[in-house]
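FYI, in mature numbering (1 follows the signal peptide of the UniProt record, and there is no 0) the residues of the sequence shown are -25 to -1, 1 to 112.
It is worth saying that the hints were derived from the structure and are not from the lab.
Each hint should be verified, as a subset may be incorrect.
What the hints assert, rightly or not - Capping the alpha-carbon separation at 27 Å, the derived lysine-lysine pairs in DSSO-like fashion look like this:
no.	residue 1	residue 2
1	Lys24	Lys48
2	Lys24	Lys45
3	Lys24	Lys14
4	Lys73	Lys55
Because the structure is a prediction, the values reported are computed rather than measured.
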Amino acid sequence: MCRTASARFARMQFLSLSICHPALSLRPSMAVQLFTFAKFRREMTAQQKNDAYRTVYLLLAAGLAIPGFKDFKVGPPLDKRGTRGYEFALTVEFEDMKAYSNYIPHAHHILVSEFINAFSEGTPLAYQIDTTRVVKL
């Protein structure tokens, strides 16, 4: 198959999946998603790592009371291959860009950030995406 035909076929597959599968729909559900990845300090025990996951989970659960803070997930990688040493991850979903922008200077974000920085080796990686933007195929 030539490149043009392959691209056309891939696009048709995606479009048919997005129509049939709600998770692949082009309709936006959340506007901004924040990802944070961290490496634990080398001297941390398995119990200390579990305590860190639990503490961040509880801190983020309290964040649900903040306007625009919609959902979160915290946990270790399912498969360590390809993680480049990052053993801690979290994601937070915000209603819109305004909610995300308001959260960054918020005392709750500062508390969570300071806690994560305290157990991290090096600087954690933070990455944000606007889930309402559709990439052209």
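Of all the hints numbered above, which does this structure not satisfy? Sort the numbers upward.
Violated hint: only 4; rest satisfied.
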